[in-house]
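Chains as they are written, first to last, in the numbering used here: chain A, 1 to 546; chain B, 547 to 880.
Don't take every hint at face value.
Here are the simulated lysine to aspartate or glutamate pairs, EDC-like style, with alpha carbons at most 16 Å apart [unchecked claim]:
id, chain 1, residue 1, chain 2, residue 2
1, B, K700, A, E183
2, B, K700, A, E196
3, A, K173, A, D151
4, B, K551, A, D17
5, A, K345, B, D850
Okay, the calculated beta carbon distance ranges per label pair [what the hints assert, rightly or not]:
id, chain 1, residue 1, chain 2, residue 2, range
6, A, T167, B, V787, 13 to 23 Å
7, A, A539, B, G703, 42 to 52 Å
8, B, W841, A, G22, 16 to 26 Å
Just so you know, these hints were derived from the structure itself, not from any lab. We put the CB at the ideal spot given by N, CA and C, even for glycine.
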Amino acid sequence: MSDPLAAPRAIQGRAPDVFREGGWVEMREFSESEAVDFVVIGTGAGGGPLITRLAEQGFSVVGFDAGPYFRPLEDFASDETAQNQLYWLDERIVDGENPIRMGGNNSGKAVGGSTVHFAMVSLRFRPEWFKSRSLLGYGADWPLDWREMWDYYGKAERALSISGPVTYPWGPKRPRYPYRAHEMNGAAEVLARGAEAMGYKWSPTPLATVSAPRGDSPPCVYRGFCRFGCSTNAKQSQLVAFIPRALAAGAEIRDLAMVGRIETGADGRATGVHYFREGRWRFQRARNVVVAGYAIETPRLLLNSANDRYPDGLANSSGLVGRNLMTQSNQAVYGSMKDEVRWNKGPPSLSITEHWNYDDRKDFFGGYCWMAQGPLPIEWVTVLTGSLGLWGEQLRERMKNYNHQVGVKMVGEMLPNENNRVTLADETDQYGLRIPRITYSWGDNDKALVAHALDKMQTSMELAGVRDTFQQVDDTNHLAGTARMGSDPRSSVVNADCRSWDIPNLWVCDGSIFPTTGGVNPSLTISAIALRTADRIKALADRGEL
Amino acid sequence: MGTSKPTGDTATAIAVLSGATVLGGVALALRQPRAPANDTRASLLPWVERSKAPAVPPLDSKATVRAARRLNRAAGTIAASVLVDSAIEHYRGAFHNEAMVTPLISASLSLLASVHGTADDRRGAHVARDLVYAAAGLTGLVGTGFHIYNISRKPGGFSWQNLFYSAPLGAPAAISLSGMLGFLSERLRNNTTDSRPTILGRPAGRVIGLMTSLGLMGTVGEAGLLHFRGAYHNPAMYLPVTMPPIAAALLGASALGEAGRRKPLTRWWLRFTALLGFVGSGFHIIGVARNMGGWRNWKQNLLDGPPIPAPPSFTGLALAGLAALGLLEDHPDD
Numbered sequence: 001m002s003d004p005l006a007a008p009r010a011i012q013g014r015a016p017d018v019f020r021e022g023g024w025v026e027m028r029e030f031s032e033s034e035a036v037d038f039v040v041i042g043t044g045a046g047g048g049p050l051i052t053r054l055a056e057q058g059f060s061v062v063g064f065d066a067g068p069y070f071r072p073l074e075d076f077a078s079d080e081t082a083q084n085q086l087y088w089l090d091e092r093i094v095d096g097e098n099p100i101r102m103g104g105n106n107s108g109k110a111v112g113g114s115t116v117h118f119a120m121v122s123l124r125f126r127p128e129w130f131k132s133r134s135l136l137g138y139g140a141d142w143p144l145d146w147r148e149m150w151d152y153y154g155k156a157e158r159a160l161s162i163s164g165p166v167t168y169p170w171g172p173k174r175p176r177y178p179y180r181a182h183e184m185n186g187a188a189e190v191l192a193r194g195a196e197a198m199g200y201k202w203s204p205t206p207l208a209t210v211s212a213p214r215g216d217s218p219p220c221v222y223r224g225f226c227r228f229g230c231s232t233n234a235k236q237s238q239l240v241a242f243i244p245r246a247l248a249a250g251a252e253i254r255d256l257a258m259v260g261r262i263e264t265g266a267d268g269r270a271t272g273v274h275y276f277r278e279g280r281w282r283f284q285r286a287r288n289v290v291v292a293g294y295a296i297e298t299p300r301l302l303l304n305s306a307n308d309r310y311p312d313g314l315a316n317s318s319g320l321v322g323r324n325l326m327t328q329s330n331q332a333v334y335g336s337m338k339d340e341v342r343w344n345k346g347p348p349s350l351s352i353t354e355h356w357n358y359d360d361r362k363d364f365f366g367g368y369c370w371m372a373q374g375p376l377p378i379e380w381v382t383v384l385t386g387s388l389g390l391w392g393e394q395l396r397e398r399m400k401n402y403n404h405q406v407g408v409k410m411v412g413e414m415l416p417n418e419n420n421r422v423t424l425a426d427e428t429d430q431y432g433l434r435i436p437r438i439t440y441s442w443g444d445n446d447k448a449l450v451a452h453a454l455d456k457m458q459t460s461m462e463l464a465g466v467r468d469t470f471q472q473v474d475d476t477n478h479l480a481g482t483a484r485m486g487s488d489p490r491s492s493v494v495n496a497d498c499r500s501w502d503i504p505n506l507w508v509c510d511g512s513i514f515p516t517t518g519g520v521n522p523s524l525t526i527s528a529i530a531l532r533t534a535d536r537i538k539a540l541a542d543r544g545e546l
Numbered sequence: 547m548g549t550s551k552p553t554g555d556t557a558t559a560i561a562v563l564s565g566a567t568v569l570g571g572v573a574l575a576l577r578q579p580r581a582p583a584n585d586t587r588a589s590l591l592p593w594v595e596r597s598k599a600p601a602v603p604p605l606d607s608k609a610t611v612r613a614a615r616r617l618n619r620a621a622g623t624i625a626a627s628v629l630v631d632s633a634i635e636h637y638r639g640a641f642h643n644e645a646m647v648t649p650l651i652s653a654s655l656s657l658l659a660s661v662h663g664t665a666d667d668r669r670g671a672h673v674a675r676d677l678v679y680a681a682a683g684l685t686g687l688v689g690t691g692f693h694i695y696n697i698s699r700k701p702g703g704f705s706w707q708n709l710f711y712s713a714p715l716g717a718p719a720a721i722s723l724s725g726m727l728g729f730l731s732e733r734l735r736n737n738t739t740d741s742r743p744t745i746l747g748r749p750a751g752r753v754i755g756l757m758t759s760l761g762l763m764g765t766v767g768e769a770g771l772l773h774f775r776g777a778y779h780n781p782a783m784y785l786p787v788t789m790p791p792i793a794a795a796l797l798g799a800s801a802l803g804e805a806g807r808r809k810p811l812t813r814w815w816l817r818f819t820a821l822l823g824f825v826g827s828g829f830h831i832i833g834v835a836r837n838m839g840g841w842r843n844w845k846q847n848l849l850d851g852p853p854i855p856a857p858p859s860f861t862g863l864a865l866a867g868l869a870a871l872g873l874l875e876d877h878p879d880d
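If we strip away everything but chain B, and leave its shape as in the complex, we get:
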């Protein structure tokens, strides 16, 4: 009997997941950061800035490709999230407009390109991947247009009510983020051997870091809107509107600040944000159970409950942030 707090299996599940999250966080905090080439000492306390002297690693083309592959992985994570999420949400919308199948195709292709890219350790942009990623970016833009149109048709227009319940304004941007990260990955691969990697003439780490930081903030906006719709009924719902903004700020500061330095706090916070994406899915699984009929009624509650595939978007962006941070740490550009 719980009028304000859940009881029974739900309470147990929330407690177990919360405990597992803390354990996962501890494990991540204790994990040794990947050491730059000239620094084999690793800190067990990542928030302690140990090395004050700027590291000056040799330019390393392998590191550039490694960062590019990490970006492919990040783009793939987001694409997978978008694929499943848009499949569920557009199925819920009965695919009443034929264009609603587009994000499924685009996200599938982006996922395939990302798997291919993650396994590919060659330099140089890949034409097919480039096309797929560009199409993903475009799909997100067009999708946003459709969603804006959907909202504007409703009585009340751009009101809270319609932002809550009409086509979600921010959701299509996720596939654009996948495309953007993949596109940046291909630009990274295009750098010639042994030079400092750049994108559009700017240092690659800074470009990717900034773009990822902005992507994180956009995703925070989407999570914030929908968790506001859910009235933050569980305190854990505040996590995705508090942790990722700090990650975005730290990453943004790193991208604009001095390069070639270890940033243990940023790294630690990005890792936690990556963990948060998966934990979010766990909480959403419990959230589905809290709908009428719980998982026995999965056909309905998967559609009406909190979206299980959505939170790993944060994981994808955090992984991109870690790739950018690796570039920033390894390549002093000033």
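The following block holds chain A by itself, in its conformation from the complex:
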């Protein structure tokens, strides 16, 4: 068994078969000196579907990922600490009034990106959020129509075999989820009872892990290690669901390949990427470059690619690259039940209430949902020490009660603010690249939303019979923004097709393009937009407009 972190695996015409221990599948390889149609930097929720669909439509594609190419069956340990190998833990500087804690909640460094360890929550935006400036009075409008997005959400859900409820209680009608929702665990039932006591609707959460066999994926066995890498392949991560399709369609994946700079030519167009692999810098020529590195690494790469022609970084004539960074509020209310709950069994977020995403009777902008929780012991210890200050004997006593713990955690919308941003620090990392400085402060609206959510979550938990409740007040998770899409080159970085206004063969396709972030987990929206972008690229190519 080789070490996936020591040397690239996707070389010599083959790539790991994620479904077989020690297995390989054939992989097409492209020459560096000949320009491929597309280079895609990043293989996560945005890059994965895009690489796949571009390859399936006949384009030559090379997908780059700085992280390793895992075979979950042999590489993933049932160990919270060991699985830190999945996160992007390179050096960063975080500052601002509310510095973002970088790591497992908001990054991934592996083929498949953060979807390898995401919580699989696959939700659609509320339609109005695509026009939140015009319809709801905050943030910015997206240049996309929700009805078209509804279509692509459906495509993404089918591609990922989302297991969801037979009918979803919020928003416009949607097609039936491809697979049925999973059985709810004890924690999910407590959320349901709390929601019912509040008069809210609740639902089993649509999740990207299969409830019945799919291809070579077995159904979920409810180990509960989802956020530390699913070792059974039930989780429909990009690594399992899309990348194998991409390989079969003739795409090449380069693992342990860190792209450091995008090159532009005399005509101002991108000509290829400089990347570090197997101990040296290399250059891949390309006719198009797609950046899909998520809200930190995407602006970092665009800024690090500054040259004489583009001194402020690529695609940055608006000055907005790196700006309008958003995270999502991820506060929680925890407590204990008299009966055993065993909240670590199964996926962590088996039930949800989106009530406050759809109810506008509140005195702040944005929405939030909350979901059942099931932190594993080490994460739970950090919550107890961080939020309650427990230590020593007290901590030990509380941990003995682990199987009786229960809680709910929110995903809340934070508003875009130009001062929340990614810039470049002077320090450099192991590749010699300038590291990102991530500046973040919560606004008054963000704080009002969190206070509202904590109050409602607390009440619902108490009504459900939860005792000894306490609040975790400072957590955040998903990222968005930093290369927003829009309909005006002066106020956005890319257009509706994720194509940069400044450099027509440079694209951005990940959560960076979100003008607003909504009150739901972003991965499904990212993947839906990636599927749309692939279709748009094909249409543009057919018209000779690439």
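Put chain B on the given structure of chain A with help from the hints.
Positioned in the frame of chain A, the structure of chain B alone reads:
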């Protein structure tokens, strides 16, 4: 590497089983139907109605007992299915309620009574068998009550979620079906010599045919619910919600229609449904292999995978349907 279709041994096993099913179906289709007393010609093409003239066989008390024994066999098949299935499922539920042992006892007794009845060619109802079958019928009713209570306690009540994952609403009815078929068998045996067999004053073939038809539809509902839960991820999962309803309709039509006629299509379809019960177990064996760890992890996957003993319920009902069809064909009552 298969993102949408299984590969490797699983794909091979599905192909082999599908092939074996087709071969089994062909073998059944070619098998000569049991000829009524006055008609020794048999059709090799069972869906061709050859004999338009109503057959008028002599009243045959042996035929009545033979039908009764077939019903015992059908009741036993279902009882065996329930015994193993409830043992696995209630073990999975850790027998957290002591009453969960009841279906094991009841199904065991029903199985014993059925073995006894299948071997017994005497006329007249047997008291012990009658009691066992009545108890089985009751067990199913009480079990359904328990399962309804279990579902109603869950948040969401009678929602899809709870119908999928709480105690299965339709499962206890299977032991009732076993009891019902056995009970009908005993009533059949009670008919006096050389008279047209009746149950509660109605022609026996029609009563058994109708009840079996209803039982088939109930079982289809259960399979449909659980296969919906499995998202019909394998096209073969549509078989138990398409073939048995047609069998039930054909049998129901036969039970309500003109008696004393050959019904080759109905017979053929019922035989296929009987085959389907066993094939279903085969598919479920493959389904267990598709769970994490496959058969190496049998202790877990037998519990969590598709229930291997469940599909032969269809076999039991189809066998009962064939017994009813035999009575209908042999005894014109109009």
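Violations among the numbered hints, reported as their numbers in ascending order: Result: no hint breaks.
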